[in-house]
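Asker: Spelled out from the first residue to the last, the chains are:
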Amino acid sequence: MDQTLWTYFFVILTFGIYIGIAVWARAGSTDEFYVAGHDVHPALNGMATGADWMSAASFLSMAGLIAFLGYGGSVYLMGWTGGYVLLALLLAPYLREFGKFTVPDFVGDRYYSKLARVIAVICALMVSFTYIAGQMKGVGVAFSGFLGVDFNLGIIIGSAIVFIYAVWGGMKGITYTQVAQYVVMIFAYTVPAIFISLIITGNAVPQLGFIGNAVGTDVPMLEKLNTVLTELGFIEYTSTDKSKIDVFCITAALMFGTSGLPHVIIRFFTVNSAKAARKSAGWALIFIALLYTTAPAIGAFARMNFVETVNEATYIQDGEDYETRAAEISSEGGKPVPAWYKDWEKTGLLSFEDKNQDGIMQYRGPNAPDNIENEVDPNRDIFVLANPQIAQLPAWVIGLVVAGGLAAALSTAAGLLMVISSAVSHDLLKKTFTPDMTEKQEMLAARLAAAAAVIAAGFIGAFASSLPFVAQVVAFAFGIAAASLFPIIFLGIFWKRMNREGAIAAMLTGLISTVSYISYFKFMGGTEEGWWFGISPEGIGFAFMWVSLTVGVILSLVTAPPPLAIQTLVDDIRIPGTVKEKIYERRRQDLSGS
Amino acid sequence: MIDDQVENRALYWRATKRLTVCLLLIWFIVSFGAGILFRDALDNFSIGGAPFGFWMAQNGSIYIFVLLIIIYCIQMTRLERKFGIKG
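Just so you know, the protein sequences line up as chains L and E, in that order.
Counting from 1, one number per residue, gives the positions in the first sequence under this note's numbering.
Counting from 1001, one number per residue, gives the positions in the second sequence under this note's numbering.
What the hints contain is simulated information worked out from the structure, not anything from laboratory work.
Check each hint, because a few of them may be wrong.
What the hints assert, rightly or not - Straight-line C-alpha distance at most 27 Å; calculated DSS-like pairs for lysine-lysine:
1. E/K1086 x L/K580
2. L/K580 x L/K100
3. L/K496 x E/K1017
4. L/K582 x E/K1082
5. L/K242 x L/K522
To be verified - Here are some chain L residues pointing at chain E (derived, C-beta under 7 Å):
6. S74
7. T81
8. G82
9. V85
10. G212
11. N213
12. P220
13. R278
14. G282
15. I286
16. Y292
17. T293
18. P296
19. A339
20. P576
Positions of the beta carbon are idealized from the N, C-alpha and C atoms, including for glycine.
The whole structure should be built from the sequences, with the hints applied where relevant.
Answerer: This is the structure in C-alpha cells:
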C-alpha cells in the first residue's frame, strides 16, 4: 500500500473507534454528561487527561519550535509539565472534594455570588475559544497536508466527528475516546523518535541519545550541534537570545496557566475522591512526560539532521526526474536534495529561494561568517510531520503520525467543548437564569450548547488559518487562565477570609489587564521596546497574576468576611471525605424527618 | 470523640500545608532555579554529553516533577491514616 492509502486506513480506523466508543458510552444523566458519573479510574483519567492536555500544538509544533529555539524552547517543556505539580498539590484534590461539575460552579458557590459565577464563565469561555481555534486549525492542516482534502473541508470533517462523540456521549464518551486517542498519539510520536535517535546517536532511547554522542564520534551530539550552528551563523543550540526575566515569566505563566485551565481541571471532577484526584494527576504527568521528554530530543535531532542533509545540497528542479538526477549529483561527488524535502515542498511548509543562483541550497543564520544569505525557509511544524520520512520508515508509520496529529487535536477540542457546553447549560442557564429547569431540559441544553460550540469552533478554526502558527495562538489562553482563574481558585481554598468582593475584583483585574496587554502588543502595533520590565506578551500573565492576587487580598480585607456557612465549606473541602459525608448526613435526616 | 476529630483535622491540615510548601520549594528550585536562574553556573557541569543546566530545563525538571507528585500521593495517604481521615 502507498502512503496515502495507509493514511486513509489509519484515519478512518481511528475515527471509527472514536465513534464506536461514543455509542457505547452514551450519557444518560447530567452527572454522566458533565463528569462521567464521577467514577473514572485514576489511571484511565490520567491517560484521558494526557490526551486532553496534549494538543495539536504539543504534538505538531512543539518539537519543531524547540528545534528552532534550542534552549529557548525550555519554556514550553517546563511550563506545560510543571503546572501539573501545582494542579496536584494546590487545586485538583480540593476541587474534587468540593464535588461539583464545573470551574464556575466552584467560583459561584465559594464566593456566594451569581456575578462571580458569570465572570468565571466569561473567563472560561475566552480561554476555551482561543484554545479551540488552534485545535481546529491543526485538524485542517493535517487533512490538507496529507490527504489532499481542502483545508475547510478538513475542519468540517473534524468538527463532525467531535460533534458525534461529544454531543452524544458527553464527558463519559469524551473520557474513553481520549484514552484511545492517547494510545494512538504516544505511539505515533515515539516510534519515529526512536528511529531518528538511532540515526543521529545510535541510541534507541531518545532521552539517552539526547545526552549521548553523535553517531560514530566521541563528540556529544549537543556539542556538535552547537559547533555546526555557530559556523552557519546561528546562536548556540544550548543558548537563547531571550532575557532571563522573560524566560522566567513565560515559564511561570505557562505553569500557572496550565493549572488554571478549565478543561484540565474538569478532568479531575470525573474521579471518585480527592485521593483519586491526586493519584490521577500523578498518572497524567507520567503519561505527559513520555511525550514531553521525547520532544527536546526530537528537536535537537531534527535540527542536526536538517543541517546535515539540506545545507549545501544540490537542488533538483520540479520538472526533472528525481531518481536519475540524484544519482547523477552523487556520482559527481555532490549531495542531492533529500527526497522528503521534495515531497514536503508541495505543501508549502518548506521553501527554497536560490538567491545567489548557484543551484545549491545554503542554510544560514543571521550572523553567517561567510556572509551568504539564507535560502531555505522551513515551517516549524515540518519536523514532526516529516520525521518518519527523514528516518526512512515504512509508509504505514506516516499514516500513523497523521492519525496521531488528528487524535491530539480532536481530543483537546472535545475537552474544550465540554467546558463551553457546561458553562452555558449548567452555569448560565441552570444556576443563574432559569433555575427551575428539569434535569432532562438541562441535558438537552448541554447538548445544544455543545453542538453550537462545535459549529462556532469550526468557523474560528477556518478563520484561524490566517493566524500565526498553532503554539503561539495557544499561549494566549494561558495568560488569561493564570491571571484570572488561578488566583481566585487558589485563594478560595487556602485563604478562608477571601470574599466575594475580592474575588470579583481579582478576576476582573487579571482578565482586563492581560487581555489589554496581549492585544496591544500582538495586534495594535506595540513593539518590543515598550514591553513592561522586558516581559513579552506570552509571559505577562505571570506578572498580572500577582497584581490580581494583591487586589483580591486587599479588597477582601477592607470588606466584610464571607458568611459562616462558606467558611465551614472551605474547612470541609480541605479534609477529604467531609463534603460527601455531610451530604449523606443531610439525606438521612431528610428521610427520617419525612 | 468529637473534640478528637476536630483536633486531628486541624493537625492534618497543618501537616498538609507543611508538606505542600516543602514540595513546592523543590519544584521551584529544580525548574526556575536550576533550569533558568542558575543555569549558566550549572552548565559548567555536564550530564552525559549535555550541559547540566540546559538538561535540567529540557528533561531533568520533568522527571523530578513526576517524582514530586508521587511523593505527595504517598505522604498524603500516610497523613490520612495517621489522623484517621477517611478520604
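Asker: Hint check: L/K496 vs E/K1017, CA-CA at most 27 Å. Holds or violated?
Answerer: holds (14 Å)
Asker: L/K242 and L/K522 were given as a pair; does the straight-line alpha-carbon distance stay at or below 27 Å?
Answerer: Within the cut-off at roughly 17 Å; holds.
Asker: Quick check on L/R278 please, does its C-beta sit within 7 Å of some C-beta on chain E?
Answerer: holds (5 Å)
Asker: Hint L/Y292 vs chain E: min CB-CB distance below 7 Å?
Answerer: This hint holds: L/Y292 lies near chain E, its Cβ roughly 6 Å from the closest one there, short of 7 Å.
Asker: Interface hint check: L/T293, Cβ to nearest Cβ on chain E, cutoff 7 Å. Holds or violated?
Answerer: holds (5 Å)
Asker: Identify whether the interface hint at L/G282 stands, where standing means a beta carbon of chain E within less than 7 Å of its own.
Answerer: The hint holds - L/G282 has a Cβ within 7 Å of chain E, the shortest such distance being about 4 Å.
Asker: Do the numbers back the hint for L/P220, that is, is its least Cβ distance to chain E under 7 Å?
Answerer: With a minimum Cβ separation of about 2 Å from chain E (threshold 7 Å), the hint on L/P220 holds.
Asker: Is the straight-line distance between the alpha-carbon of L/K582 and that of E/K1082 27 Å or less?
Answerer: Holds, because 22 Å separates the two Cα atoms, which is no more than 27 Å.
Asker: Just to be careful: measuring from the Cβ of L/P296 to every Cβ in chain E, is the smallest value less than 7 Å?
Answerer: holds (4 Å)
Asker: Holds or violated: are the alpha carbons of L/K580 and L/K100 at most 27 Å from each other?
Answerer: Holds, at roughly 11 Å.
Asker: Given L/S74 as an interface hint, is the shortest Cβ-Cβ distance to chain E below 7 Å?
Answerer: OK, holds: L/S74 within 7 Å of chain E, min 4 Å.
Asker: Below or equal to 27 Å on CA atoms is what counts here, so check E/K1086 against L/K580.
Answerer: The hint holds at about 11 Å.
The structure shown violates just one earlier hint, number 19.
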